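Add chains V and Z to chain G, keeping to what the hints say.
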Amino acid sequence: MTEQVHIAHAPTSFIRKYIFSTDHKVIGLQYFFLALVAALTGMVMSLLIRLRLAWPTEQWPLLEQIFPEGFKGGLMQPEFYLALVTMHGTMMVFMVLTTAPQSGFGNYFLPIQIGARDMAFPVLNALSFWITLLSFLVLTASLFVAGGSSLGGWTFYPTLSAIPSTGPGQGLGADLWIISIALFCIASLLGALNFLTTTLNMRAQGMSLMRMPLTCWGWFTTAMIALLAFPVLLAGGILLLLDRNLGTSFFNPGGLSVSGTLIPGGGGSPLLWQHLFWFFGHPEVYIAILPGMGATSHILSNFARKPVFGYRAMVVAMFAIGLLGFFVWGHHMFISGMNPRVAIAFSVLTLVIGVPSAIKTFNWLGTLWGARIRFTSPMLFAIGFVSLFVAGGVTGLVLGQTALDVVFHDTHFVTGHFHLIMGVAAIFGIFAATYYWFPKMFGRMMNEPLGKLHFWLTFIGVYAIFVPFHILGIAGHPRRYADSTGYEFLRALDPLHVFITVAAFATAAAQIVFLFNFFWSLWKGKQASDNPWEATTLEWTIATPPPHDNFGAHEPIVQHGPYEYAVPGAAKDYTMQTEP
Amino acid sequence: MLTKRGQTGSDISFASSLLILPLACGWFMGRLLAFGIWLVALGTLAFFAVSQTRSGWWFPEAISTHSGALDGQMKLTLTIVGIAFLLAQLALGYVVWRFRARGAERAHYSEGNTKVEIICAAVTAVVFIGLAITGQRVWIGLHLNQAPAEAVQVEVNAQQFLWYFRYPGADGRFGSTSPKLYNEADTSSGARPGPLGIDAKDPAGKDDVVSQLLVIPAGRPINLTLRAKDVTHDFYVPALRLKQDAVPGLKINLHFTANKEGRYEIACAELCGQLHHQMRAYLEVKAPADYEKWLQDRAPKQ
Amino acid sequence: MFSVRMLALIFLTAALALSLSCGGKKEEATPSSNAGPVWKPTGDEGNITGVISFTGTAPAPRKMEMENDAACAKLGDQFLDDVLVKDGKLQNVFVYVKSGLPQANFETPSTEVTLDQKGCKYVPRILGVQTGQALKITNSDDTNHNIHPTPKLNREWNESQLKGQGPIVKKFAKQETLIPVKCNMHSWMLAYVGVLSHPFYALSAADGAFSIKGLPPGEYELEAWHEKYGAKTLKVKVDAKADAKADFSYDGASAYVPGSLKVQPALVLP
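In the order they appear, the protein sequences are chains G, V and Z. First residue of the first sequence? That's 0 in numbering that gives the first Met the number 0, and the numbers climb one at a time after it. First residue of the second sequence? That's 0 in numbering that gives the first Met the number 0, and the numbers climb one at a time after it. First residue of the third sequence? That's 0 in numbering that gives the first Met the number 0, and the numbers climb one at a time after it.
Pulled out of the complex, with its shape left as it was, chain G reads as follows:
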């Protein structure tokens, strides 16, 4: 069923082909590997964070060898702890959760799934990647400057972040953080433009919008969100940079005194940043999760051997989530000093956004109802995604209520909530997509038993890590505490911290199974056929791995919707989109 197409104008030199490439597939892989490196870095940081929380007074001479500044006398310094918290958050949110599902898989598969030869602006696409890489390098560099990385948290609230003397890492480290994020915003903006144009203009004949796979809808909606959200963060970042370096006062209300030194300036408001940041920050949650929702819907349908339940409702729900996501940012600010009347409106809208999320969950269950499920590794991760999405989503009903947020705001209940839904649910989406598309991307199958082992260890592991976080929050444990032993009301929670740390190390160790499987399969995996999963969408109609210009001279003509499985009367249980 593959056509051996002559590849025209494919670059041949290694540099042109794999480094400064404008091929969307290579760029997708570049993003993917960047995210992989960032994910591993972020994971190591989280383990160091866990070490400190479980055993705050323990000395680690070995770690002092590696981090002489961070572990002075073998003790992890609180400023190093907070720098790790900041870097872990920033690394994971921007370099992993935004990069892998959208820029990585989106780049690789959006053009193929809609039947395009490449993205609409290939050079712009390459530029996006290189700016993202630069952003990653600038962020990483902040670890090595005097004072270390910023300790402002990934939310970077001024005036802590606006005044360099407020702590170690608030000097050059904080400037680098802002520059890195500003670069990332620019890259994401360019990427979003490219995705939108590609989706709207480059679809093959017969590929109407409502025949696009839900993955494409996920990427398309995400790109729309990114286009509207990132400019706001970019603007905020530039204002903050001006405040820090050129003496403006956008976020400085005046009359501030840090360590007995009066800070000049005045007339600004620290709340302005919170509004700008969360106007971006809340939609960012959906930027991280929508591509995962798309991939999950796609993979569930594939291995359920059944059409997606309520395709149209899924599209509408995705759009509703994306749209409503711009009207709920205030729920991060209930206790910030914002007008409490406004909080009520934000609270109600926040719970309204639960409705399309619930619709998606119903439809996933509906897709599985009456299915003939094939339990492959990607399917396990997709089902895991649904489970984690529910687990992380329901606590949103607690946090979205103004009065209850008074209790839980900035406690580990929040940490547990967003790690489940935005962290590991999205990561499960990435894993599902990796296992699913690995054969197409690399021409080899990943090992199934190892994939299943990886799923089980990770699935149990993340629940073991993040469910106890909710208990910490219920007992009142604030976030971002380098040490809780000074508080009487937190003393009883020490064993819980140890439990979480042990679970975190075990789960991190389980990722070695994935890494081994990934790299081993890259070289030694079983050769993959063109359509190993018996799927219906366009990427499975072309050769494995896809040639440089995807479809070559034979542009596909789309005849069917994306999920025509088990069509009554059809010869086989799946009808590919291009089949007459």
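Source of the hints: derived by calculation from the structure; they are not laboratory data. Treat the hints loosely; a few may be bogus.
Said to hold, decoys possible - Among chain V residues calculated to face chain G with C-beta under 7 Å, some are:
(1) Trp26
(2) Ala33
(3) Ser63
(4) Val80
(5) Ile82
(6) Phe84
(7) Leu85
(8) Leu86
(9) Arg105
(10) His107
(11) Tyr281
The model shown is predicted, which means the values in this text are computed figures rather than measured ones. All C-beta atoms in this analysis are idealised placements derived from N, C-alpha and C, irrespective of residue type, glycine included.
Positioned in the frame of chain G, the structure of chains V and Z alone reads:
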């Protein structure tokens, strides 16, 4: 060209296949996954249930007049959320258990059911929006009412990494302060201008009392005014069920009534710098007579 | 396909290189050297001795409020030690040669100066070090501190020192009198470090006396500095192998407005 259905084929060595072979079998996998999901769901709820019986693993004791209503709403919400979580996970486990692949048998072809869809959405919307609206009662009581005129006034001053509490003294008025007068080094009792920069020339400030402890009378409304000197902090008292940012440049009011005497911890809940986790103070709720005596003992000697 | 794997390899190598480079090296502050030869004593050096007297009324002892930190509060009554007057003599006045020294490099002592955090105070409160000399900071308290000097010329830093943690050793590269050192955890903690490029400085003792030894003959400008009562200067002529006298006097009424009021410039242009 196409591989066989289900991708159960294994390509690692025979010995390791034997170890993991059961995982690759569809029937077994469906059962295992269903059990796995149910186990995780029930385990999560069991964890919550056990935590309630352990001291220090559940909500701290509540000592404010609004905490009853708040804890009630909390209990209602957590119950609804727990039920929703359990139902969704049970359903997910059930479909995984029941609808595994069986030979060449095809799945049931269905593109959805609008009626079911609308009913589900409507039920969810009613529950969610209902929760959102009932949840506002406590919030309105806390934040949309003014403190009664007879409330005890206390100014809460946050800075890296400690708290100062200022009482207006006998005249009921706070003396004026200025950042230009801050003297961090002199925290002695009655110091002028002291760390809060109280203007010694302002007669209203002569009898102001500055303390590192927050001492309040039980049963009387308290009106706090939150201020921050350098960065954003957060006044957080778990026992009071209160949390409010103290923002530089803003004076934020917060009122409550505590009804149980004792000593409770005050924490900072907004990241404020390297020693954020050490920014602790104590709240002492005293009988009104003891409170008056404490205030008189602290009053600056004229 | 081989080359896509190469891509993976490149990223892995980059990641590995990144993680290996994690153990960044400590930077050492090196003293900025003056022009001129290394100074050597010739044998005909003289000394300056003096007494700091105090007139007027000294402030009454003020008890520190330390209830925020249980470890500090349990130490019992602690009093503010910014002004120490006994029998009309003022302690803790930092006296140093401000100008008049020959153009030369003065050898950096190999001995360490210790600044301890003890009883939720800095001990000593006022101290002098030479540029490039090691300042050893220790924490003898049962609580966590952070040390935050706010210099104008040297590099600002801010590091935590947890209870039980070993000493932190720091150096200052440039001459600067005097750098306030603060603990953000305990706002009342304050120390001043005088950083000088030469060894000619002293601190007045409890009896108000100080002495600066081993000065080459010449005319000098001497400055006395007290954190509360400010700076005073005096011209002193030192003869070969002789003791010169330099007495200072402070008046209790002349105290300037308390507080560490410094306004940070809005924009520093190079």
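query = Can you list which hints this structure breaks, lowest number first?
reply = 1, 2, 3, 5, 7, 8 and 11
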